[in-house]
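Student: Here's the letter readout for the chains.
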Amino acid sequence: MSGWDGFLHGLSLAAQPDVLIYCVFGVLLGTFVGVLPGIGAMATISLLLPITYYLSPEAALVMLAGVYYGSQYGGAVASILLRLPGTPQSAVTTLDGYPLAQQGRAGVALFTSMISSFSGSMIGIFVLIVLSGALARAAIAFGAAEYAAMMILGLVAASTVGAKHPAKGLAMVVLGLILGCVGTDVNSGVQRFTFGQTELMDGVNLVALAMGLFGVAEVIANIRVAERTGVPPRVALRELLPSRSELRRIPFPALRGASLGSFFGALPGTGSTISSFLAYAVERRVSRHPEQFGTGAIEGVAGPEAANNAAAISAFVPTLALGIPGDPIMALMLGALVIHGVQPGPLMLEARPDMFWGLIASFGIGNVLLLILNLPLIGIWVSMLRIPFRWLYPAILIFVCLGVYSVRGSSFDMFAVALIGLIGYALSFARFNPALLLLGFVLGPLIETNLRRALLIARGDPMVFLQRPIAAAFMVVAAGLIVMSLVQVIRRQSNRAV
Amino acid sequence: MIISRRAALLGAVAVSLCKPALAQDASWPSQPQHVFVGFPAGSSPDLLARIVTEPLAEKLGQPIVIENKPGAGGVIGVQQMLNAQDQKNTFATTINGPLTTAPRLTPNLGYDVAKDIAPVALIATSPLVLVVAADFPADDLAGFVAAAGKEPEALAYGSVGKGSGAHLTAELFSDRAGVEMLHIPFTSYAEVTTAIIGHEIDCGFMAPSAAMQYAEVGKLKILGITSEKPFAQAPGVPVMAGQAGLPDDFRAELWNAFLAPASTDPVVITTLNTEINAILADATVQQRLLDMGWQAAGGSPEDLKQRIAEDTAVWGAVLDRIDAKN
Amino acid sequence: MKRDIPDLAGGVLLAAIGLFVTFYAVGHYEIGSLRRMGPGFFPAFLGGVLAALGVMIALPALGRQGEAIRIAWKECLAVLAALLVFAAGLNQVGLVLVTLASVLIATLAAPDCRIGWRIALAVIVTILSVAVFSFGLKMTVPLWPGR
Numbered sequence: 428m429s430g431w432d433g434f435l436h437g438l439s440l441a442a443q444p445d446v447l448i449y450c451v452f453g454v455l456l457g458t459f460v461g462v463l464p465g466i467g468a469m470a471t472i473s474l475l476l477p478i479t480y481y482l483s484p485e486a487a488l489v490m491l492a493g494v495y496y497g498s499q500y501g502g503a504v505a506s507i508l509l510r511l512p513g514t515p516q517s518a519v520t521t522l523d524g525y526p527l528a529q530q531g532r533a534g535v536a537l538f539t540s541m542i543s544s545f546s547g548s549m550i551g552i553f554v555l556i557v558l559s560g561a562l563a564r565a566a567i568a569f570g571a572a573e574y575a576a577m578m579i580l581g582l583v584a585a586s587t588v589g590a591k592h593p594a595k596g597l598a599m600v601v602l603g604l605i606l607g608c609v610g611t612d613v614n615s616g617v618q619r620f621t622f623g624q625t626e627l628m629d630g631v632n633l634v635a636l637a638m639g640l641f642g643v644a645e646v647i648a649n650i651r652v653a654e655r656t657g658v659p660p661r662v663a664l665r666e667l668l669p670s671r672s673e674l675r676r677i678p679f680p681a682l683r684g685a686s687l688g689s690f691f692g693a694l695p696g697t698g699s700t701i702s703s704f705l706a707y708a709v710e711r712r713v714s715r716h717p718e719q720f721g722t723g724a725i726e727g728v729a730g731p732e733a734a735n736n737a738a739a740i741s742a743f744v745p746t747l748a749l750g751i752p753g754d755p756i757m758a759l760m761l762g763a764l765v766i767h768g769v770q771p772g773p774l775m776l777e778a779r780p781d782m783f784w785g786l787i788a789s790f791g792i793g794n795v796l797l798l799i800l801n802l803p804l805i806g807i808w809v810s811m812l813r814i815p816f817r818w819l820y821p822a823i824l825i826f827v828c829l830g831v832y833s834v835r836g837s838s839f840d841m842f843a844v845a846l847i848g849l850i851g852y853a854l855s856f857a858r859f860n861p862a863l864l865l866l867g868f869v870l871g872p873l874i875e876t877n878l879r880r881a882l883l884i885a886r887g888d889p890m891v892f893l894q895r896p897i898a899a900a901f902m903v904v905a906a907g908l909i910v911m912s913l914v915q916v917i918r919r920q921s922n923r924a925v
Numbered sequence: 007m008i009i010s011r012r013a014a015l016l017g018a019v020a021v022s023l024c025k026p027a028l029a030q031d032a033s034w035p036s037q038p039q040h041v042f043v044g045f046p047a048g049s050s051p052d053l054l055a056r057i058v059t060e061p062l063a064e065k066l067g068q069p070i071v072i073e074n075k076p077g078a079g080g081v082i083g084v085q086q087m088l089n090a091q092d093q094k095n096t097f098a099t100t101i102n103g104p105l106t107t108a109p110r111l112t113p114n115l116g117y118d119v120a121k122d123i124a125p126v127a128l129i130a131t132s133p134l135v136l137v138v139a140a141d142f143p144a145d146d147l148a149g150f151v152a153a154a155g156k157e158p159e160a161l162a163y164g165s166v167g168k169g170s171g172a173h174l175t176a177e178l179f180s181d182r183a184g185v186e187m188l189h190i191p192f193t194s195y196a197e198v199t200t201a202i203i204g205h206e207i208d209c210g211f212m213a214p215s216a217a218m219q220y221a222e223v224g225k226l227k228i229l230g231i232t233s234e235k236p237f238a239q240a241p242g243v244p245v246m247a248g249q250a251g252l253p254d255d256f257r258a259e260l261w262n263a264f265l266a267p268a269s270t271d272p273v274v275i276t277t278l279n280t281e282i283n284a285i286l287a288d289a290t291v292q293q294r295l296l297d298m299g300w301q302a303a304g305g306s307p308e309d310l311k312q313r314i315a316e317d318t319a320v321w322g323a324v325l326d327r328i329d330a331k332n
Numbered sequence: 293m294k295r296d297i298p299d300l301a302g303g304v305l306l307a308a309i310g311l312f313v314t315f316y317a318v319g320h321y322e323i324g325s326l327r328r329m330g331p332g333f334f335p336a337f338l339g340g341v342l343a344a345l346g347v348m349i350a351l352p353a354l355g356r357q358g359e360a361i362r363i364a365w366k367e368c369l370a371v372l373a374a375l376l377v378f379a380a381g382l383n384q385v386g387l388v389l390v391t392l393a394s395v396l397i398a399t400l401a402a403p404d405c406r407i408g409w410r411i412a413l414a415v416i417v418t419i420l421s422v423a424v425f426s427f428g429l430k431m432t433v434p435l436w437p438g439r
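Residue numbers (this note's numbering), protein chains in the order written: chain R, 428 to 925; chain H, 7 to 332; chain P, 293 to 439.
One chain only, chain R, in its complex shape (with noise of 0.2 angstroms):
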């Protein structure tokens, strides 16, 4: 069946009444746990899982899809109104979301980021479709010489994000870096960093360290600042939404934004958090104003949005043709398929069909359900922000707890919050950006194990990184990258010689 065929064939399936209920469900269950702070899609997926005994296989899975990219619609949602990223992707979005949302903008960041979400999806469904064979080869090619190569090109492009300070960006990645190598060291099983404590066995918990890095210090530093400022106030329906030199700012950033996500998403590992991240340095690379980037640029939004969404629906391509799960939520996913009697792998499209293009399919429809329902949402979460903030951040605070307790119910990790909000705090001081902490926590472990596992195939040959064309290739771009930042720097201060 070829793509096309198997794609209508599968919206045939996914149209399905008593399918698409669960797919509403999902993605309203999505949107809703995206906003809550702490909560995301890896909770819910978790917590449904043993309900989804009792669905059909094709429910059940177009259920829990839909709670995965529902969620990231709502993960932007928290991101721009109240600097809550749940995961790194939506990290790169609170850098202009959240001041667009600070100048009374928050309609236009959230139409934005919803509109270049639904683009980015489409268009990765689009690749997907098209490109799912290719995906899946170039998934097999990628080895852990080009694994570590993409890793540091991913680095080296998100230090240039942060490129007003670029010691201090720089500084950021590297305690990620080092945050990242706590827990057990996968070569020689050797507990690194955990001072004795078991729960550190498996390292830091991401989740902990993105609500305590955003949302507790967050919280600390805005309780008597929003009092001060007061409640914003009421704006007309037209303000909500972008003037029309503003809707023109968008639709390239999307474009360049899916596909680089559609490409990195594809790749197991973290392709969605390095797209998001290259997204937002491509778009401040070709933007005539790279100066308002991190002041509330809406290509800043529109760029990494696309790109994550894009990047959660080719991350499905190896999920499902290779049976390699790109992050936990993807390895969730599979575990939902095994329970159904559907193993994915390379037989999955030949055995399955129905499953696989009717699962795409879904993500087709459910998209288009998301649009619907979050465009009118739009006027209550901005009406949300006029609830006093003394209203608000208790509740935040709970539920911070509360998802930070579900992803693996430890009272451990809820100190950590604690402790890790009290560095945000330390860390806002001296306007240090950690959502590039963030990256590099997510990366740091990655870029090890394969840097390792690549060296140690080559028995020790480091040449090995430049004999694999796709290595190579990455690390060009890499090279090239930093000659460029340092002829801007160079430039820059020949200029104010001058």
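The hints are simulated quantities; they were obtained by calculation from the structure and are not laboratory data.
Here are the computed lysine to any residue pairs in the SDA-like style, where the Cα-Cα straight-line distance is at most 25 angstroms:
no.: 1; chain 1: H; residue 1: 331; chain 2: R; residue 2: 887
no.: 2; chain 1: H; residue 1: 94; chain 2: P; residue 2: 436
no.: 3; chain 1: H; residue 1: 121; chain 2: H; residue 2: 304
no.: 4; chain 1: P; residue 1: 430; chain 2: H; residue 2: 95
no.: 5; chain 1: H; residue 1: 225; chain 2: R; residue 2: 768
no.: 6; chain 1: H; residue 1: 121; chain 2: R; residue 2: 625
no.: 7; chain 1: P; residue 1: 366; chain 2: R; residue 2: 819
no.: 8; chain 1: P; residue 1: 430; chain 2: R; residue 2: 838
Examples of chain R residues lying across from chain H (beta carbon under 8 angstroms, computed):
no.: 9; residue: 618
no.: 10; residue: 626
no.: 11; residue: 763
Ideal Cβ placement from N, Cα and C applies to all residues, glycine included.
Starting from the known structure of chain R, arrange chains H and P on it as the hints suggest.
Tutor: Just chains H and P now, kept in the frame of chain R:
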């Protein structure tokens, strides 16, 4: 903290043992039961626990709540069972690691397998298969051993982390077959499979369910299985024991077991063991386990205790060998 | 004297963390070789880089005026206390009581400290969290003391 709370708990147990009557346990189970699983929802050990506890809840007439406490290779699940406030209605299922190799590999384990844990029943076992890429020059175990024996580290194998079943099995195999292979740790069987297909590494030991469908489409070859008898889920795969210079008693299996805290009333353990054995004798349960790559086991609590002791010794010796090499 | 205190303190702190990480890694973990990197290789290297970056941040801060630090002590303490109480109490006294207590502590920092308002909010948040997490998402969490 873990240790002090456990000490307090042991104290409480000692006090309760001093009382002559333990009659209150006659009413067991009067409350919902909690079963700790040291792996996330949807993982293989979690699914296995659910397959067994679903009928168990019906037989006991009380709901069973699965508490997923993932972490440290399953160790956290066992720790949480021992730290639970209500020791009468709290149990756990775990893979072999936390009971056999964890005392060697995990500092601050916080429990003593022999003293703190009462084995209830072995639930299921899973052998591993030796996998190579489809174009690997040899087609049987003898050819493989010959290729691996050409020079030390001629072949590289993937595992799912240091101390994992895949790692220890490969080292046990290398020792018995008299070869030396290069260990490349990964984090999942899927990654190992991809690396073998992509010719990054040469081989690996893995669960049959992770390898069978790749063998069916001709991307991988399966050279042998580590169980004593042929395995229904891997039809046509020869048993490794006795071949290519391996001893006749060569066996390496992962397993999954049901546990209780050591303070549990022996009557409760007997009840649970009887019910679990009855569940495992059921053909549909056996099939569901087999679909996931597990062979239903069963047996008495003493059988499980002996299995723990045997495997602790076997894998302990392998770990000694690994330590000596580095 | 001109000093950018936030940058100076931040840089010095990062440098200290970097040095600690490097020394701890060298002291406790094997460094290994390029072929077989030990568990200490990566952290020892990163610690050194962080220390260097910390110095690069701290040195320029010596000669320029920075923003003054205004720490929100009351808010900080109330928020941390609320989090710690919640973390410690959840499994001991259950979701209902611990939520009530945490909200009452967290609202100590609110500009409007009247007790009536705080109790009302505590009740609302408790109802919400029980409804969403315990009933809605079926999370296994004790509601009351002793399961």
